[in-house]
Structures are given as C-alpha cells and as structure tokens.
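Given only the sequences and the hints, what does the whole structure look like? Please build it.
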Amino acid sequence: MEEKQEVRQGTLALMVLKTLDVLGPLHGYGIARRIEQISGDLLAVNQGTLYPVLLKLEQEGPITSDWGASENNRKARFYRLTRAGRKQLQDETRDWEQTAEIIARFFALKAEDLP
Amino acid sequence: MKRPPMKRLRQFFIRLGSAFTGNRTDDRLNAEIEEHILLQTQENIRAGMPPIDARRQALLKFGPAEVMKEAYRDQRSLPFLETLVQDVRYGIRVLLRSPGFTTVAVITLALGIGANTAVFSIVYGVVFRPLPYPQPHRIVELTETSPRATDEKDVTYEELRFLASHSSPFEYLTGYTIQGHNLGVGNKTERVKGQPVSSDYFHVLGIRPLLGRDFLPEDNTGDGAHVAILSYGTWQRYVAADPAIIGRTITLDGEPFTVIGVMQPGLEASVDPIFPRRHRRMDPTVPGEPDRRHRTKH
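If you read the sequences in order, they're chains A and B. Take the working numbering: the final residue in the first sequence is number 115, and no numbers are missing along the way. Take the working numbering: the final residue in the second sequence is number 1298, and no numbers are missing along the way.
No wet-lab data here; the hints were simulated from the structure. Idealized CB from N, CA, C, for every residue including glycine. Treat each hint with caution, since some may be false.
Chain A is faced by these chain B residues, among others (derived, beta-carbon under 10 Å) [unchecked claim]:
| id | residue |
| --- | --- |
| 1 | L1038 |
| 2 | Q1040 |
| 3 | R1055 |
| 4 | A1058 |
| 5 | A1065 |
| 6 | M1068 |
| 7 | A1071 |
| 8 | D1074 |
| 9 | T1083 |
| 10 | Q1086 |
Partial selection, computed: residues in chain B whose CB lies under 10 Å from chain A [said to hold, decoys possible]:
| id | residue |
| --- | --- |
| 11 | R1015 |
| 12 | A1031 |
| 13 | I1033 |
| 14 | Q1042 |
| 15 | E1043 |
| 16 | Q1075 |
| 17 | E1141 |
Here are the computed distance ranges between Cβ atoms for each label pair [unchecked claim]:
| id | chain 1 | residue 1 | chain 2 | residue 2 | range |
| --- | --- | --- | --- | --- | --- |
| 18 | A | T82 | B | F1101 | 51 to 59 Å |
| 19 | A | T11 | B | F1120 | 52 to 60 Å |
| 20 | B | G1063 | A | Q37 | 14 to 22 Å |
| 21 | B | F1013 | A | P115 | 50 to 58 Å |
| 22 | A | R86 | B | P1051 | 34 to 42 Å |
| 23 | B | I1052 | A | P25 | 31 to 39 Å |
| 24 | A | E71 | B | E1070 | 24 to 32 Å |
| 25 | A | G68 | B | E1066 | 24 to 32 Å |
| 26 | A | D21 | B | R1010 | 37 to 45 Å |
| 27 | B | R1010 | A | G68 | 19 to 27 Å |
| 28 | B | F1101 | A | T64 | 44 to 52 Å |
| 29 | B | P1099 | A | T82 | 47 to 55 Å |
| 30 | B | V1067 | A | K87 | 26 to 34 Å |
| 31 | B | L1016 | A | T64 | 16 to 24 Å |
Structure representation (structure tokens):
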C-alpha cells in the first residue's frame, strides 16, 4: 500500500474553508467525505481529527454552525462559511499560490538557466 | 495559519466561556460523532459491505475517538482553567466532608502565618531595617576580633588615631562609646547611659541637631566649658520639651556641662546625653582607657 501523506493542521483548515466555499453548508461527515474524494485518497485523515479543527475555526470566526437535518433526517451540525471566512480563504489561497509558484520555479530551475 | 490578535482575543473569550459550560458542548460532540459514524456506515453498506463490517470500517476510518475528544476539549476551553476549577471544587467538597480536619488545618495555617508575621516583624526591626541615617549603606562599624576571644573587641582610641592618620578606605572616621553617668538636670539626678563621642560624630552620621548647634572640633580639645547634646527623649522627659534648655547647665557625675543642642527624634534614643570626649585628658600611657566601637563612614 502506498504511504499516505500526513496533513498539517493549517492545511486541513484551509481545505475545510474551500470545501464549504464551494459546496455550501455541510455537516462534519460531508466535509470529511469531500476532502477525501478531492484529494483522491492521497491524504490520510483520521476523520475524527476534523472536529477539533472545525471547533477551532468556529472559535476563530471563519465558520459558524447550526443544528439541521441530515440526509437520513437525523439531527446534524451543519457548518458554513462566514464573511470573515470567505475573506480568510481568499487571503490564504493567494498565499498558497504564491508559495507554490515560487517553489515550482525553483524546481524548474536548470543549471543553464542561471546567468 | 496566521492568527491576528483580535482573532486570538475572540477565541480566548469563547474558550473562557466554555470552561464553565463544558457539558453542553460535550453532548454536541457526541451527537456529531454518532451521526458521522452512522452516515459512514450507511455509505459503506451502499458500497456493498455487510452491516457488521460496515460499522467496524466506519469506526476505523473515524480514528481513535477518545484521543480526538481529548484534543477537542483542549481546544474547546482553557484546559488549565478547567482543571483548576475542578480541583478547587473538589478541594472544597473534601474539606466540607471532614470539618474536624478542616478546623485543624485552618488553625495550623492561622498560627503559622501569625508566627511568621511576628517573627518577621522582629527580625526586620532588628536585622533588616536600615540605620535611621541618610545613606545608611555608607556607614560601617569597625570592631576587632582576636583568635583568643570569641567576642568582638572595641577599637581603642590609639588605633582610631592610627587609622585616621593613614590612608584608609573610609571618608571619615569617628568614635563613640557608651558609659554610665549620673545625669543631673535641675534638681533631678538619674543614672543614665551617656555616649562620649568624637566631635564629628553627627557629621559622619549625616544628621544635624533639632535645636542648637552640632559639636565643633574645639569641643574635643578645648579648655572651655564641657558641652553636651541631649536626646529628643530626654529633652521631652526632663524639661518638658522646653527650648530654653539650650545654654543651661546640667551635671554629669557632678561635673557641669552646657547643653548646646537637642537631637532629632528617633535616633539611638536609648543613650544620652551625648557629649564630646575630652581627649586631652586621656593619658596615652595609661592603658585600658577604652574608646569603644568606632563608627566610620566611607
């Protein structure tokens, strides 16, 4: 079996924000499921570890939660992005893209490119 | 992830609040976990697993729930505060359950604190309280020790003169001693402890008389009248704080002394009067005329 990558907590939080941004309000299971699907099972997430992250995000303000009914009509906690969360997502997306771009340029570097 | 100060503050208050309303959020988490595992189980069944395996796989995928709950609780509130509140509650309950022990403990503490306060008050007064002079850290007292004696010995007048005439680390050197005298003021006579000093004694301590003048160098050597400075306490007791005492005559062992001043209150009130020692009367060839304990200032 291929070795799966560990997820840094900050990365997981960013994935949560993006998932909620794209899909709208979701319960914990839905978020876990999406992250798993999108990452193509590359990330080994103990799904439970998502909940402390959700709580932290809720305390910090980017997301908020309410009780609602799940697909099987049971009580479930639904999380959604707040306006502050949207803003934070934009900022962090930009940061990530910058970082990724810089790293990509370094990887693309060949000896003959240097003056 | 970046955490600006406002966010941190907001989080702190939420966590502070949660420290006192912990159980409700516990219920919420349990409901969420239950729901999560249920949904995963159903998903697994849809994918074709037998129901027993489906639940087991769902639990495995969720990971160790107790570990997560621990992390969740730490994140939810301020763990140290929560523990502290619990400990205090527990402590109070235990104390209430055993009033006898509590009483003994309280009495023990009360006595301990009381005794400490008392001892400290005394030790502070005797050991730590600075001398009642300006710049007390610059005043030291010189005494001598000898291998044969366990006590400290006073410096003699000859030694003091020797120290004063040679270079020393001190700015000034002055001497004092304490001797018993019969003090006569008016028609009252009393046995007191007097303090013969060098004329620059008060100068070295850095204080001035409350009334009258300080000693002059001549007062140590001169042929004029003997002079003395009274302590504040004696001035109050003998002549009811009469300022006219300056210039009046008192007797010490029958000899007349002119009062030239009154010292400030609170300064070595146990000895007085204070008067210059007449060094010229001292015969250096007679040993054992002690000029004791010399204070020095540097």
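Does B:R1015 pass the interface hint, meaning its C-beta sits closer than 10 Å to a C-beta of chain A? Since the shortest Cβ distance to chain A is 7 Å, the answer is holds.
May I ask you to test the interface hint for B:I1033 with respect to chain A, counting a Cβ-Cβ separation under 10 Å as satisfied? This interface hint holds because 7 Å falls under the 10 Å limit.
Taking the closest Cβ pair, is B:M1068 under 10 Å from chain A? Hint holds; B:M1068 Cβ to chain A Cβ min 4 Å, cut 10 Å.
Look at the Cβ atoms of B:L1016 and A:T64 and judge whether their distance stays inside 16 to 24 Å. holds, 19 Å
Holds or violated: is the Cβ of B:E1141 closer than 10 Å to a Cβ in chain A? violated, 65 Å
Let me know if the C-beta of B:Q1086 comes in closer than 10 Å to any C-beta of chain A, holds or violated. Violated: closest Cβ of chain A sits about 21 Å from B:Q1086, beyond 10 Å.
Hint validation: B:R1055 versus chain A, beta carbon distance must be below 10 Å. Holds or violated? Since chain A brings no Cβ nearer than about 14 Å to B:R1055, farther than 10 Å, the hint is violated.
The hint names B:Q1042 as touching chain A; please verify it with the least Cβ-Cβ distance against 10 Å. holds, 7 Å
With chain A as the partner, please determine if B:E1043 meets the hint condition of a C-beta pair closer than 10 Å. At about 8 Å, which falls below the 10 Å cut-off, the nearest Cβ of chain A leaves the hint on B:E1043 intact, so it holds.
Between B:V1067 and A:K87, is the Cβ distance one that fits in 26 to 34 Å? Because 33 Å falls inside the window, the suggested range holds.
Does the hinted range 31 to 39 Å hold for B:I1052 and A:P25 at CB? Taking Cβ atoms as reference, B:I1052 and A:P25 lie about 32 Å apart, which means the hint holds.
Range hint 24 to 32 Å: satisfied by the CB atoms of A:E71 and B:E1070? holds, 30 Å
This entry does not satisfy hints 3, 9, 10, 17 and 26, going by the numbered hints stated previously.
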